[in-house]
Amino acid sequence: MSAEQQERAVRCLVAKVGLDGHDRGAHVIARAFRDAGFEVVYSGLHRAPDDIVQAAVQEDVDVLGISILSGAHNTLVPKVIEGLKEYDAFDDTLVLVGGIIPDEDEAELKELGVAEVFGPGTPMEETIEFIRNNVPERA
Amino acid sequence: MAGPDAPAFADAPTLSDADAALVEDLLSGSHRALARVITKIENRSPGYRAIVSALHEHTGGADVIGVTGSPGAGKSTLVDKLAAAYRDRGDTVGVIAVDPSSPYTGGAVLGDRIRMGSNVGDMDVFFRSMSARGQLGGLSTATADAVKALDAFGKDVVVLETVGAGQNEVDVVRTADTVAVLVQPGSGDDVQTLKAGILEIGDVFVVNKADMDGAQRTVAELEEMVHRREGGTTGRDAGHHGAASMASTGAGGHGEGDHTADHGDGATDAESGGADAHGDGADDSWTPEVLETVANTGEGVDALIEAFDAHAAYLRESGEFAATERRRYAEEIRTLVRADVGALATAEIERRGGIDRLAERVRDRETDPYAVAEAIVGPIADCVEGATGDGERDD
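As they're listed, the protein sequences go chains S and Z. Each residue of the first sequence is one higher than the last, beginning at 1 in my numbering. Each residue of the second sequence is one higher than the last, beginning at 1 in my numbering.
Treat the hints with care, as some may be off.
[Claimed, not checked] Facing chain Z, according to a computed beta carbon distance under 10 Å, are these residues of chain S, among others:
#	residue
1	E7
2	L13
3	V14
4	G25
5	A30
6	F33
7	D35
8	A36
9	Y42
10	L45
11	A48
12	A55
13	V57
14	E59
15	D60
16	D88
Hints were generated in silico from the structure; no laboratory data involved. Just so we're clear, the structure is a prediction, and the values are computed from it rather than from any experiment. Ideal Cβ positions, reconstructed from N, Cα and C, are used throughout, including at glycine.
Working from the sequences, and respecting the hints, build out all of it.
Structure follows, in structure tokens:
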């Protein structure tokens with residue numbers, strides 16, 4: 001009806017879950033996403049899975065990137081995904097995991113619904129490209 | 001598709017079935033629906049106008065508080081503590097935190113959420129980060145619409161947080177009922193810079209980090225400035241009073257007796273800072289309070305909330321609330337109309353080969369800017385005059 005321009009932007013939540021105080025990687029990712037033109041919400045350190053779910057739902061992010069370097073991904077990631085489902089937010093959120101994830105766990109995470117796992121040394125462009133190509137189409 | 005016959009005064013935009021369901025879900029308390037509606041508002045998604053239209057009748061229940069101040073003044077931390085304090089007394093809270101975005105990439109890091117430590121896991125604090133997205137003057141429309149969504153959702157208090165650095169941001173906080181301006185201690189120069197634009201919009205001034213050196217001095221400087229504003233600035237004050245008296249006569253006519261019949265003095269005069277000014281004869285305009293807080297520890301937050309409540313009570317009892325609302329909606333209508341007419345003009349420019357081609361023709365001295373503007377706006381003006389016919393409707 002009006003000729004108003006749409007102003008869609010990709011929104012991401014960069015999240016640190018659990019007792020893992022290493023957030024340099026998360027910071028670097030957040031900046032790279034910003035420079036790619038994304039809107040980035042950073043969760044801060046030591047968040048519980050519920051806090052991450054709350055942030056993802058309220059901020060209505062397209063992409064949830066979880067950074068875990070502590071090895072607790074097998075307990076934490078499923079809780080986040082359960083929470084997203086509870087709020088009916090799982091289907092159109094692209095869930096990514098970054099960090100040190102053993103291969104056999106990677107398969108399991110993907111089984112759960114994680115779209116991709118990015119290990120150490122992944123070029124930033126690869127992650128950004130992946131998001132651009134896979135960001136959920138929303139009505 | 002804005003055809004040439006698209007009337008300027010169309011009915012409310014129609015809601016698609018999916019959007020109607022979304023509105024329904026929002027009104028029945030779905031957080032997901034609320035979040036999605038705000039996204040649509042931010043994105044200017046097709047249909048967002050119909051959604052906001054549908055929500056409008058459900059708004060008006062929330063107290064809207066604006067918090068502004070220079071970067072590093074402690075806005076986010078204070079908002080966090082405010083939200084927690086409101087929650088303690090049983091109110092539900094919505095927060096919209098606006099951060100700037102890069103003018104080059106459009107990207108942004110929205111960092112205010114990190115400070116919301118007191119409210120993590122509490123879904124009754126709905127916190128939403130918004131970026132400025134380089135919208136020309138559209139930011140205040142988007143935030144005002146997002147506030148409406150939170151209001152319609154049923155939040156008792158909505159806090160709007162923004163960096164006080166420019167007209168865009170000032171426009172944003174002006175959509176709040178009560179505006180708190182945050183200042184850091186020891187920033188004498190800061191207080192000076194506040195004069196331009198921000199000082200005038202503050203209903204409450206907060207010296208945050210009041211445990212730091214120089215806090216008392218900053219408080220004193222602000223006090224002085226607030227009182228100078230009361231006394232000296234006749235020009236602005238006149239406008240203020242004009243609007244207020246207009247409102248009170250208007251209110252009388254509509255028989256809003258319930259406001260005036262209240263036990264008037266009790267609520268407003270309870271506050272220390274404002275009390276002496278309220279005594280100033282018959283003039284019952286609001287004198288901004290200057291308060292101290294230490295957001296880190298939560299010190300002074302309860303007093304700040306009391307000041308917000310006192311201001312809200314003042315607005316209601318003086319009839320100023322109606323005037324403020326009227327002013328705000330007038331501004332909203334103007335902004336929307338300006339944007340829509342601008343969009344019509346932009347479409348017309350496209351039809352004529354685009355702005356670059358027109359500029360090139362001006363450069364070649366084939367035509368001039370005034371002639372081009374006339375050629376573009378003329379047909380629109382003709383339509384408007386044709387449609388209104390009897391002409392008298394314009395203001």
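Hints, verified against the model:
no., hint, in the structure
1, E7, "holds, 5 Å"
2, L13, "holds, 9 Å"
3, V14, "holds, 9 Å"
4, G25, "violated, 15 Å"
5, A30, "holds, 6 Å"
6, F33, "holds, 7 Å"
7, D35, "holds, 6 Å"
8, A36, "holds, 6 Å"
9, Y42, "holds, 6 Å"
10, L45, "holds, 9 Å"
11, A48, "holds, 7 Å"
12, A55, "holds, 6 Å"
13, V57, "holds, 6 Å"
14, E59, "holds, 6 Å"
15, D60, "holds, 4 Å"
16, D88, "holds, 5 Å"
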